[in-house]
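Listed below, chain by chain, are the residues.
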Amino acid sequence: MKSSVIIFPGSNCDRDMDVALKKFGFKNKMVWHNDNVIPKSDLVVLPGGFSYGDYLRCGSIAAKSNIINSVIEFANKGGLVIGICNGFQILIETGLVNGALLRNKYLKFICKNVFVKANKTQNKYFNKIKKDILELHIAHNDGNYFCSEDDLKLIQDNDQIAVEYCDINGEVSEKSNPNGSMKNIAGVFNKKKNILGMMPHPERVIDNCLSSNDGSYFFENLLSNMK
Amino acid sequence: MIKVNEKIAIDHGLKKDEYKRICELLKRNPNITELGIFSAMWNEHCSYKSSKKHLKKLNTKGKKVIQGPGENAGVIDIGDDDAIVFKIESHNHPSFIEPYQGAATGVGGILRDVFTMGARPIANLNSIHFGSPSNKKTKSLLRGVVQGIGGYGNCIGVPTIAGQTSFDESYNGNILVNAMTLGLVKKDKIFYSKAAGLNKPVIYVGSKTGRDGIHGASMASAKFDDKIEEKKPTVQVGDPFTEKLLLEACLELMRDDSIIAIQDMGAAGLTSSSVEMASKGKLGIELHLDKVPCREENMSPYEIMLSESQERMLIVLENGKENKAKEIFDKWNLDFSVIGKTTNSKNIELYFNKDKVANIPIDLLSEEAPEYDRKWKKSKLPQKIKFKKKDFKNLKITEVLKKIISSPNVCSKEWIWEQYDHTVMGDTIQKPGGDAGVVRVHGTEKAIAATVDSSASYCYAHPLSGGKQIVCETWRNLISVGAEPIAITNCLNFGNPEKSENMGEFVECVEGLNEASKYLDFPVVSGNVSFYNETKDKGIKPTPAIGGVGLIKNYKDMITMDLKETGNIILVVGKTEGHLDQSIFAKEILNEKKGPPPEINLFNEKNNGETVLKLIKDKFIMSAHDVSLGGIMTGIAKMCIKGKKGVKFYKFKGLIDKFEYFFSEDQGRYIVEVKKENFEKVKKILEKNSNHYDLIGEVIGDNISINNEPTLSVDKLTEFNKNWLNKYMVN
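In order, the protein sequence lines correspond to chains A and B. Start counting the first sequence at 1; every next residue gets the next number (my numbering). Start counting the second sequence at 1; every next residue gets the next number (my numbering).
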């Protein structure tokens, strides 16, 4: 399986994603933001970081970069595209997924493990994961998901909420919401569910010696769907 | 052009006799640009004129030391051709004036010191000290500093893995912000700052030069008064995004051998970087300042030479490599300009639009810089306080514990480190909040542990003992996670060296830390001195901060402090004498601030540490924590909180009072958790090595239970531990 990770100036989770993809068996290539075409891929990843310094608005400049047209084209043809953290912000700025990511509710950068409930229906990211609640990791300043009432209705009706913050027992509540996100939304799909944008970093939790190993389920599941 | 006279020299922070000497050495009066250069290079911050004499005595050599002090950072060998580059540096004065930018650029500066040497930064740490929580400035300074440290480190993508925060009224008018960075490099790919060869191109890369930070280095050596707000324009503004690009571009250029020498533009900007590179190579340097990329119009040579704009580097390249280097910096959208060359004149010669604007023999700026033998006063060991039984009569251990565990200097600092990205790079295996932060050496089985410590009240009470104590505590913190301690870096934060008391504190702290460093074979490989930490003539408590680095050969051998399993027993290794003077207990509970700090017995320190490390390596220890602030009881409480498990204490049978036993801060001790079935084996090893130990309790349930005392649930304890800072920052 071939994957591509796009490097924007200011990306800083590109290497971590490369390490994770290779660990679980992807043949990964790094792609420079100034290139015009992505190499032949089964999966494209927009990694975390501070693309273009988060200047103007998180993700907004990356959404106008050279490579992005090729990513949009790939996504529109049904290709699998993941945006993690800053990558999620970029996906939103390109319009590939709905909503907005505001400054965290308590105006603080938050770096910690969180529990999330993943949507397993009709998508290749979480469908066969055995665990119901995953312990992943967040590290962001602007992850407070927001969208209009109409959009919310749309993504709810289409079952596009991909991951929700919850507690260890799976309860989705204000208490388990780290950043003020609407409906505890940690990630969303596009309508066809080939595009996933989410704040938690699965690539940072892929070994028992790290803060969790639950990211492994994510990558294993993804790979098993692509074979 | 302004004509230079004595008054202008004094306004630049030079002393009368220093200005006289400059004129004598030059055999003429300097012009304004030259005066600016002298004032920057002869300043305390760059010249170490008050500290040099004492720093020369430091123990800087060791089998694993590749590079000691004198370079951008120290370098140690961690085996398999890998090396760790590390250093700590202060950014105190700017952070008090403008906390966010001051702290942010402190992080930026230390990161550059490390990647200048060819190393990819792999971990950040910090040691930050604020005034009393009730001081009206403390909260906003703390918030600003934490956001600044996070803002820079998070963006550049280097995890902040450990740190230290303290509150003390002596920092009310002068906070301390010390930042430390570790980087990883291959032994044969280390870059140095010594220029070599004639007519080699000198290139300027990174951000453009602006008027920010002019005279930052002089400000860093000035005392504060009521007019500090006026100093705001001397604080530099950081751009971590540019630094990230600069990091990647430099590392890309460093893949082959294009670079002869490289130096970041830190304090005193272009002045100190060009002088230092030429001075080390015993060469001259010629710079054409009109070629320096500027951000503002009409900048004068004086301003260009003294600007402290951030994210800039000066590089001496091999001839013919200019185009290749330019391509890399173009790719990363960074400025690149050939601004001069190396010469054999041994002078720094500056041109601006073809006019020669300065010409100074380099020796006058480096070797001839003043060096003072300041007067210093020896401190006496304070008399020991005689605590009496009746002092403790009405106290309950659990009540005391609640108070200590929620006190500002002991409570959980999660509010702070949750704002630092501590997991980026995917190798953090011990996060902040433990005895030391630990990261894997990427792609290998090795791991590096790092910690930063300081004990200002011990140093204030008796500088010599305090100096020793910090080195020992750093050593213990590394051992407590299973790392073999290798070397240290020091950030020496003191008051005014022109006052004999403050100078005495410096001299004796350095002597103490040197003694411990020698005994433990724990050499100093880098560091920084920050003097003049005083406001309105009142100095801070002497606060040397020591950053320690250790190696874990196989990361799976790392241990943490959280209690692991019900049924395991708890031992204290090291003897508890009951020294309460200068302890948190004495200060918070008995309101007694006098007395000597705990005594340091270096033999016991080393012996206990070595045995504990051996026991960890042999897998006999399930969790460990060094005994420090708040003594045994506080230490165990923290292990309970982290492990979410309780402890039942066995019936106390010591010769000293139980409060002295549980809350004294005697040194050289560790709390360790051992499986019951291994106790006999562990006991034998401890006895064979003559290590004193006490068996004090076992892991059970979810309460702390002590004979004759109400139990205290670990949940409650956790609340007490976490709530203070959260509430303080929210209200």
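Heads up, a few of these hints could be off.
Said to hold, decoys possible - Below, simulated SDA-like cross-link-like pairs (lysine to any residue); rule was C-alpha separation at most 25 angstroms, straight line:
1. A/Lys175 <-> B/Lys20
2. A/Lys175 <-> B/Thr718
3. B/Lys587 <-> B/Ser407
4. A/Lys108 <-> B/Lys137
5. B/Lys186 <-> A/Arg15
6. A/Lys108 <-> B/Met729
7. B/Lys556 <-> A/Asn113
8. A/Lys112 <-> B/Tyr728
9. B/Lys356 <-> B/Pro293
10. B/Lys553 <-> A/Ser212
11. B/Lys556 <-> A/Ser211
12. A/Lys175 <-> B/Arg143
13. B/Lys564 <-> A/Glu135
14. A/Lys29 <-> B/Asp330
15. A/Lys22 <-> B/Lys186
16. B/Lys722 <-> A/Lys193
17. A/Lys29 <-> B/Lys564
18. B/Lys326 <-> A/Asn34
19. A/Lys108 <-> B/Thr165
20. B/Lys324 <-> A/Asp35
21. B/Lys644 <-> A/Phe146
22. B/Lys136 <-> A/Leu107
23. B/Lys139 <-> A/Ile133
24. A/Lys23 <-> B/Glu445
25. B/Lys727 <-> A/Asp167
26. A/Lys131 <-> A/Val172
27. A/Lys112 <-> B/Asn731
28. B/Lys402 <-> B/Tyr728
29. A/Lys131 <-> B/Lys644
30. A/Lys105 <-> B/Asn723
31. B/Lys20 <-> B/Lys375
32. B/Lys413 <-> A/Asn34
33. B/Lys642 <-> A/Gly170
34. A/Lys22 <-> B/His442
35. B/Lys564 <-> A/Lys105
Unchecked claim - Sample of chain A residues at the chain B side, in silico, Cβ under 7 angstroms:
36. Arg204
37. Asn208
38. Cys209
Worth flagging that the hints you see were computed from the coordinates, not collected in a lab. The C-beta atom is built at its ideal place from N, Cα and C for all residues, glycine as well.
Index of numbered hints that the structure contradicts, given in increasing order: Hint check: 1, 16, 17, 21, 23, 32, 35, 37 fail, others pass.
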